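Novice: If you want the building blocks of each chain, they are given just below.
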Amino acid sequence: MTTRKDSKVSKAEPEKKPAASSAAETQAAEPVEPQSGRWSNAVREILSGSAVMSVMAIVLSIIIGGILIAATDTQVQQTAGYFFSRPGDMLKAIWDSVSGAYSSLFQGSIYNFRRPGFVNGIKPLAETLTFATPLIAAGLGVALGFRAGLFNIGGRGQMLFGAAAAGWVAFSFDLPYGLHLLIALVAGVAAGGLWGGLAGFLKARTGAHEVITTIMLNYVAFYFVYWMLSTPGMLQAPGSNNPKTPAMKDTAILPNFFGPNFQLHFGFFIVIGATFFVWWLLNRSTLGFQFRAVGFNPNAAKTAGMNVNRMYFYVMIFSGALVGLAGVFQVLGTVTTGFSSGIDAGIGFDAITVALLGRSKPWGVFAAGLLFGAFKAGGFSMQASQGIPIDIVLVVQSMIVLFIAAPPLVRAVFRLPKPNPLAAANIAKLQGKKAVVTK
Amino acid sequence: MKLELRGITKRFGTLVANDHIDLVVEPGEIHCLLGENGAGKSTLMNVLYGIYKADEGEILLDDKVQNFAGPGDAMAAGIGMVHQHFMLIPVFTVAENVMLGHEPTHFGGSLDLAKARAKVREISDRFGFDVDPDAVVEDLPVGVQQRVEIIKALSRDAHVLVFDEPTAVLTPQETDELMLIMKQLKETGTSIVFITHKLREVREVADRITVVRLGKVVGEAKPTASNEELASMMVGRAVELTIEKGKAKLGDPALVVEKLSVIDPIGQLVVNNISFDVKAGEIVAIAGVQGNGQTELVEAIMGLQPRVRGGISLDGRQLVGRTVREILDAGVGFVPEDRNVDGLVSEFSIAENLMLDRANGAPFAKFGSIQLQTLSDFSTEKLSEFDIRAQGIGTLAGNLSGGNQQKVVLARELSRELHLLVAAQPTRGLDVGSVEFVHTRIVEARDAGVPVLVVSTELDEVVALADRIAVMYRGGIVGIVPGDTPRDVLGLMMAGEAPRGSGKAA
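So the sequences go chain by chain: E and R. First residue of the first sequence? That's 0 in numbering that gives the first Met the number 0, and the numbers climb one at a time after it. First residue of the second sequence? That's 0 in numbering that gives the first Met the number 0, and the numbers climb one at a time after it.
Chain E on its own, in the form it takes in the complex (with noise of 0.2 Å):
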């Protein structure tokens, strides 16, 4: 660190030439500069956390949802009236509320003992699976990015391309059932990876950031796509005047794996392959090799001579098409009826979250889909059941991430040890000289 400051203050005696004219050029040849280091320490410290960590901001969460849930219960309020005269009822009301609140999200997500019969009562847990596919696929994504050190924000704009790009092939060819859905499928991921590429091609060529790019990208493609919803001959269906599209045929439909019962389709086993493929390639793959290098060190990646620049593209391809595959999921496994603007039903930002709950790891990613998906499909019922607002659900939700975000805040809940970076790295020097002197 002091280097580089030493040497410019070197340089700036010799002859100093007006800078202004070759700025522009200098930004033309060297684009990417090394991410601004608190921002990209920010995420690190994220991403480093453990698994422990996860669960535990998890924990924390429902902790906190449940005082939530019992603060807002009518029941709970009344009896808080008379509290001193006869605390037993509040403590009661508190857990009938709490108790009754979390049974429900369990029974609407997982397995209803209330429903006759075993394929009934696991009906929940086949709704939580299929929210979940979409989840874990944008997750996928966005986690790739992470990886290799990119903030990927435009779930949103990516998924509305897949799932129009799907979504199109699906209602406007005629083609043999199998081939329908395959090409409907490679269409829906392509226009994600397009579009992610985009970002990613201005990015290394430009130095634009990421972040302002994928944000403004998606009102671009949200209006654009609307735009085509609403245009004759596009995407709209045929003779309506609605903002969305006609049914997908049946040809190109993602089958549900459990016949007419359940709403699982058979996206739940791509996003289970697409899982296995991520984690190979960050983990075996060359490719996913560098990308992990120009994420943590890309000064270090340049030197070891890797095109950085490169590796942004390529990185925000396969980041954009996992989530297009999203939008794939989202037309022809939950929505088939045709779909409008609103399709991608916020999954492109709830993928952050799932990434960020999952650290980046592929099944970490998978596991924190899952759970996300039983939220979503549990809140249902805790609404319906139990008349408590879906919002809460929300908040346990933004919870969980507020809390992985502060590390420190949930360490000093639990009382876990404080990992001192300084003694950290004291101890595994010494350790390092202490091995030696043990072998």
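Think of the hints as simulated: they come from the structure by calculation, not from any bench. Errors might be hidden in some of the hints.
[To be verified] Covered by chain R, according to a simulated footprint, are these stretches of chain E (three or more residues, beta-carbon under 8 Å):
#, stretch
1, 280-292
2, 298-310
[What the hints assert, rightly or not] Here are the simulated distance ranges between beta carbons:
#, chain 1, residue 1, chain 2, residue 2, range
3, E, Ile211, R, Thr373, 34 to 44 Å
4, R, His19, E, Ser397, 45 to 55 Å
5, E, Trp94, R, Met86, 48 to 58 Å
6, R, Arg321, E, His208, 22 to 32 Å
7, E, Leu90, R, His19, 51 to 61 Å
8, R, Glu325, E, Leu181, 34 to 44 Å
9, E, Ile211, R, Thr439, 47 to 57 Å
10, R, Ser109, E, Ala404, 29 to 39 Å
11, E, Ile63, R, Glu121, 51 to 61 Å
If you're wondering where the values come from, they're calculated on a predicted model, not measured in any experiment. All residues carry an ideal CB built from backbone N, CA and C; glycine is no exception.
Given the coordinates of chain E, assemble chain R onto it according to the supplied hints.
Specialist: Relative to the frame of chain E, chain R by itself:
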């Protein structure tokens, strides 16, 4: 003020970083704390400064037991610390930095900058520091920034000053000036604790020397002790300070640099029209004070500088305009000057770092897939060959000591078939044992017929390694002289004076 540490013990988990350390610093004494990296010197000083709490033992100032809860208490008790990495705010002026944390104020809380300025001037005049209170810190040379740190400590009436590896960032001249300042401070009765692992400085300035190894005091020494004695106390075995180096068997010029100029991103000419060559089987050292274009020269050779004029050819092949990948593939091994920034990915394991610059092809990759078995065999072999001290190949590079990190970089670069080795500051921040190891390896590469370009700001290193020395000053080469040129001549060249009677100057 007399400082005494009694039986200081500091544990991190099961690890004892300081093991019953006793240390007495008399008033007006320069007491050197000598030890390898990781010996526990910095931990001890952090205990003294209140950053860590000692598990056992006590700190006494003038025979009174102290209890420091934090650096604030230590400062109030009269202990000042000059950190290796300066704790200054670059965009503030000297006066603003000095008053930071105990700002004098007027009524109503407005800052009394005049008072701070006066304080800086007063201390500055007392020691002949020549520091302008209104200069902005980031515009000052590193040596002057350090003086600001000293002023900062003195302005809080520090009677015990701790210097934590203060010379690591200084030029030889600045180091000499610092030595003078330390002697002056001593004469005014200030006690000084001087932490270092550089033997020459210790012998020049110390009144007493305490040697620390693996968290324990291994003994006291007098400044009259020889370098070899001190080094062997530090490392715990005899150390060879000058490497055995036979006569170079010179081959044809391999690396030829012709009329090379480099323009940096702000549009300044940082390397100015230089020419030199490195023959096969020869070590050419680029000497010079930090920041005279050496960094950019090396980056230009490696293809890391975008705006380069002139020619760099290796075995007749032009390197200018090629990508880093192509240059590495041409057989250039590169040890970057800052291993943590450019040389290693600290979050990667040793094994991953060992394949960092050849992850693309054989033998580590097949059909885009990493060959884990090959990698693990290779890494295990290199771990023992290069004596990298770690639990295993899965240890993260960031958890290694500086010396072991550098060994990882060397192992990676020397394991390829090399046609040129470029080593920038190969031993910066390393302890004596590691320096010896790195130097031996570099000489071995030379003896194997590889042309070697070493860039170093340490004269000791330049003299130890070089067959020929090129001295850089303000982007140009002042002269190219034989490896046995006396140090004072080199010193003058580093200040920009061309050597007399040397016809080889570029």
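Novice: Are the hints correct? Go through all of them and say.
Specialist: Evaluated hints:
1. 280-292: holds (count 8)
2. 298-310: holds (count 9)
3. Ile211/E - Thr373/R: 34 to 44 Å: Given a distance of about 42 Å, which is inside 34 to 44 Å, the answer is holds.
4. His19/R - Ser397/E: 45 to 55 Å: holds (51 Å)
5. Trp94/E - Met86/R: 48 to 58 Å: holds (54 Å)
6. Arg321/R - His208/E: 22 to 32 Å: holds (29 Å)
7. Leu90/E - His19/R: 51 to 61 Å: Roughly 56 Å apart at Cβ, these two residues keep to the hinted range, so it holds.
8. Glu325/R - Leu181/E: 34 to 44 Å: For glutamate 325/R and leucine 181/E the Cβ distance comes to about 40 Å; the hint holds.
9. Ile211/E - Thr439/R: 47 to 57 Å: holds (51 Å)
10. Ser109/R - Ala404/E: 29 to 39 Å: Given about 38 Å between the Cβ atoms, the range holds.
11. Ile63/E - Glu121/R: 51 to 61 Å: For isoleucine 63/E and glutamate 121/R the Cβ distance comes to about 56 Å; the hint holds.
Hint compliance for this structure: no hint is broken.
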